[in-house]
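Student: With these hints in hand, go ahead and build the complete structure from the sequences.
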Amino acid sequence: MILIGELSLWVALLMATWGTTVGFAGGYYKRSELIASAERASYATFGFLLLAALGLWTALLHSDFSFRYVASYTSANLPSIYKVTAFWAGQSGSLLLWAFILSGYSAIAVWTNRSRNRELMPYVTATLSAITLFFVMTLCFGSNPYERLDWIPPDGTGLNPQLQNPGMAIHPPNLYLGYIGTAIPFAFAIAALITRRLDAGWLAAVRRWTLVSWFFNTTGIILGMWWAYVELGWGGYWAWDPVENASFLPWLVNTAFLHSIMVQEKRGMLRKWNVTLVVSAFLLAILGTFITRSGVISSVHSFAQSNVGTWFLSFLVLAIAVTVYLVATRLNDLEAKAELESLVSREASFLFNNLLLVGIAFAVLWGTLFPILSEAVTNNKITVGPPFFNKVNVPLGLALLALTGIGPLIAWRRASAENLKRQFTGPVLVGITTGAALFAFGMRDFGALVAYTLCGFVSGTIVQEFWKGVGARRRMYGENAVMALVRLVARNRRRYGGYIVHVGIVVLFAAFAGLAFKEEFDVTLKGGENYEAVDPYGNQWRFVSQGVSRYDELNRQTTAVLLDAFRNGKRVGVIKTEKRQYVDSRGVPTFQPATEVGIMEGIREDVYVVLAGVIGEDTAEMRITFNPLVWWVWYGGMIMAIGGLIVMWPQAERRRAQAGYSTVLQPAEQKA
Amino acid sequence: MMGRRRFLVASAAGAAGVATLAIARAAGAQEAGSQVNTGAANAPMESDRYKPVQLAAKGSPVMNQAKRDELEHHLHCQCGCNLDVYTCRTTDFSCEVSPAMHRDVMALVAGGYSAPEIIAAFTNVYGDRVLMAPPTSGFDIAAWITPFVALLAGIALVLVVLRRLRGPALAPAIAPSVADATPTEQARLDALVRSDDR
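Listed in order, the protein sequences are those of chains L and P. Residue numbering for the first sequence follows the working numbering, beginning at 1 and increasing consecutively. Residue numbering for the second sequence follows the working numbering, beginning at 673 and increasing consecutively.
Misleading hints may appear alongside valid ones.
[Unchecked claim] Subject to a maximum C-alpha distance of 30 Å in a straight line, what follows is the list of computed DSS-like cross-link-like pairs (lysine-lysine):
| id | chain 1 | residue 1 | chain 2 | residue 2 |
| --- | --- | --- | --- | --- |
| 1 | L | 266 | L | 468 |
| 2 | L | 30 | L | 272 |
| 3 | L | 526 | P | 739 |
| 4 | L | 468 | L | 421 |
| 5 | L | 391 | L | 381 |
| 6 | P | 723 | L | 381 |
| 7 | L | 468 | L | 518 |
| 8 | L | 266 | L | 421 |
| 9 | P | 739 | L | 518 |
| 10 | L | 518 | L | 570 |
| 11 | L | 518 | L | 391 |
| 12 | L | 381 | P | 739 |
| 13 | L | 576 | P | 739 |
| 14 | L | 526 | L | 570 |
| 15 | L | 526 | L | 576 |
| 16 | P | 730 | L | 526 |
| 17 | P | 723 | P | 739 |
Honestly, the hints are just simulated from the structure, not real lab data. Please read these numbers as outputs of a predicted model, since none were measured by experiment.
Tutor: Shown next, in the form of structure tokens:
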């Protein structure tokens with residue numbers, strides 16, 4: 001199997017080369033047999049990359065240390081589940097995962113469009129094959145997972161302890177599914193530009209793919225936050241690390257596109273902008289991968305450094321050049337087909353929503369790359385860390401939150417003064433009441449007060465939208481409230497699924513604002529000693545050390561401290577925090593000690609304990625952090641994912657037409 | 673003569689070229705020094721990156737522990753990690769740099785120095801790389817200004833686009849809307865207003 005996998009990688013290279021060549025040739029010469037061959041090559045590439053992936057998994061599971069990759073990322077005593085996930089622990093394995101997922105996506109796109117978008121498909125197939133070809137070339141010539149060692153070591157290096165976590169099993173594949181999902185809309189955009197078929201037709205094909213990309217990008221980011229929180233011990237879930245930023249950039253641009261696409265569908269506007277967003281999302285995904293792979297910027301993900309940076313940079317430059325040329329030569333085909341009737345309209349609010357999303361993306365990209373620019377200009381190394389990103393992005397984020405509440409309240413085309421008054425009164429009152437109540441209860445942090453006021457406002461908007469929709473169904477069909485709510489969402493998945501995503505955004509912002517009240521304490525305790533602290537809610541906590549213990553587990557030597565936790569005098573549980581020294585099958589330490597954070601989770605706050613060190617036999621140095629509302633981050637993310645699924649879920653054509661889903665906006669709906 | 677569109681494309685290409693060269697240079701330097709298949713956690717901490725920051729005491733402390741911890745969130749640990757001094761020293765079992773930097777901070781706090789004075793002392797010894805955010809002077813102020821300049825430029829662009837998109841249909845937005853008109857009446861009104869505008 002391993003040999004078959006190794007050979008399959010090279011055959012996939014040939015298949016992708018063939019698919020690219022005959023795809024473009026078939027499109028150009030309009031030769032149906034070449035087009036059909038390119039499409040079959042796309043299926044074959046997927047098949048061979050599947051075999052290549054199975055081969056690598058087999059080598060990993062059999063601990064075949066004759067392969068450099070297996071020896072570098074596993075050891076004989078590594079639990080089997082982590083031998084499976086070691087597939088994407090290193091450079092070449094994760095590149096193979098990229099190529100494999102991309103070929104799978106390509107095969108699905110080709111299959112689902114076998115009788116649709118036929119004018120576009122030759123170029124879609126060829127573009128996807130070209131991207132796959134780049135990855136397979138990088139694998140074959142730059143970073144081959146099947147590279148063999150001159151000798152077979154007795155054991156492997158083992159897997160980085162930080163990657164021995166369930167979060168790492170699912171976070172990278174999720175993120176890759178999101179990243180790579182941007183390739184399909186990109187291929188459709190390139191095909192639409194080449195064929196000059198830039199009407200709304202190609203947008204319909206890419207909307208669902210963008211949603212797929214957005215969905216996995218969202219879940220990937222949230223899972224990554226969870227992994228960072230429970231595994232790294234920094235005390236937070238987002239550190240504005242360059243690689244975190246790289247994952248955030250396509251998300252922001254995809255989110256902007258999912259809003260602006262509505263303007264083009266309903267009003268025929270923003271055509272240039274939408275093409276730009278679609279291609280930018282893909283280019284940013286490649287840029288993100290370049291940042292991750294090249295090590296050009298110092299990052300926590302530096303374990304993935306290697307020599308493929310130049311490959312990615314070359315591909316990025318080529319992709320930008322092709323895209324800029326195609327867009328520049330087709331600007332006339334991208335002119336708007338309609339006029340804006342008022343500045344106070346849904347479409348105008350979407351423009352500002354896009355401006356903020358792209359503005360945040362620019363600020364994040366700028367901050368991420370600025371150290372390179374600064375060093376090139378001043379020859380000084382500088383750091384652009386969380387203080388910068390927080391200062392720049394917090395006001396932009398709050399403005400975006402405000403627009404999340406404003407957008408749905410403004411009608412398409414034109415909103416009258418009466419309409420605005422009727423729509424805004426309720427949500428504004430909810431927002432002001434929220435802010436005033438929190439101020440009355442003693443909250444004095446300005447940023448948090450603004451955030452919670454806006455959260456109240458946006459919640460008011462969402463509740464009002466559901467309330468009106470349910471009310472309308474109850475009047476029209478005589479349904480009870482629950483049935484009306486279920487059917488309202490089911491019949492208008494795009495709109496109300498979107499509002500559910502907005503609920504998730506509100507919950508996330510509420511959680512982010514909670515960080516303003518985070519409290520940290522350095523604690524040194526001997527066995528039997530206790531430490532008292534007050535949390536942000538004014539509760540009196542007492543932590544009693546049960547002492548330091550040391551023992552062996554699976555593939556590690558563990559040093560653990562147990563704390564009895566008391567809140568307001570009542571025992572509420574035990575928190576265990578650990579340091580782990582991982583060893584190979586011969587008992588030789590493989591990596592430096594890793595943190596295993598002790599977390600007592602709660603809906604109001606987490607108690608987060610990190611063992612920083614042990615002095616002598618029984619004295620532990622710890623950091624105890626009260627992290628308010630962290631739980632809300634995970635559930636906000638889940639709500640967003642559920643909303644995304646509802647929006648994505650296929651809808652029967654008949655119902656779609658009933659809901660006004662795929663039809664041009666009718667005058668009666670304009671005042672909704 | 674070069675048209676506006678061509679000029680924009682040429683400018684973008686030029687800027688992209690300069691940026692690419694800078695990134696390629698950085699990537700090349702990085703690749704030259706990178707080692708394949710070595711985990712970051714495997715790399716030894718470079719304790720020699722620590723440099724003493726010491727000043728003679730000038731008075732009694734003006735900062736409490738919370739403010740000192742907050743200050744340490746603004747100093748970049750020099751061990752090679754991406755963390756601030758506080759987070760690194762309270763997380764990383766094996767780092768020798770952040771505890772040493774912490775000791776210097778404690779000594780300066782005990783010597784009566786304020787947060788800005790301590791940050792200045794660290795910057796004098798390590799340079800700007802000891803800060804967790806770019807300085808607000810010299811070239812690096814561009815880091816802070818550019819996102820907002822870009823946003824303002826974006827707002828201006830959006831307003832220009834909106835003006836272009838509005839075309840002759842601006843009048844209905846300004847004219848009082850007839851909220852209770854039926855869709856048919858509203859459409860007829862819109863058509864009339866448009867014909868008036870022409």
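Student: It remains to establish, for every hint, whether it holds in the given structure.
Tutor: Going through the hints against the structure:
no., hint, verdict
1, 266/L to 468/L, "holds (22 Å)"
2, 30/L to 272/L, "holds (27 Å)"
3, 526/L to 739/P, "holds (26 Å)"
4, 468/L to 421/L, "holds (16 Å)"
5, 391/L to 381/L, "holds (21 Å)"
6, 723/P to 381/L, "holds (16 Å)"
7, 468/L to 518/L, "violated (38 Å)"
8, 266/L to 421/L, "holds (24 Å)"
9, 739/P to 518/L, "holds (14 Å)"
10, 518/L to 570/L, "holds (22 Å)"
11, 518/L to 391/L, "holds (17 Å)"
12, 381/L to 739/P, "holds (27 Å)"
13, 576/L to 739/P, "holds (29 Å)"
14, 526/L to 570/L, "holds (22 Å)"
15, 526/L to 576/L, "holds (15 Å)"
16, 730/P to 526/L, "violated (35 Å)"
17, 723/P to 739/P, "holds (23 Å)"
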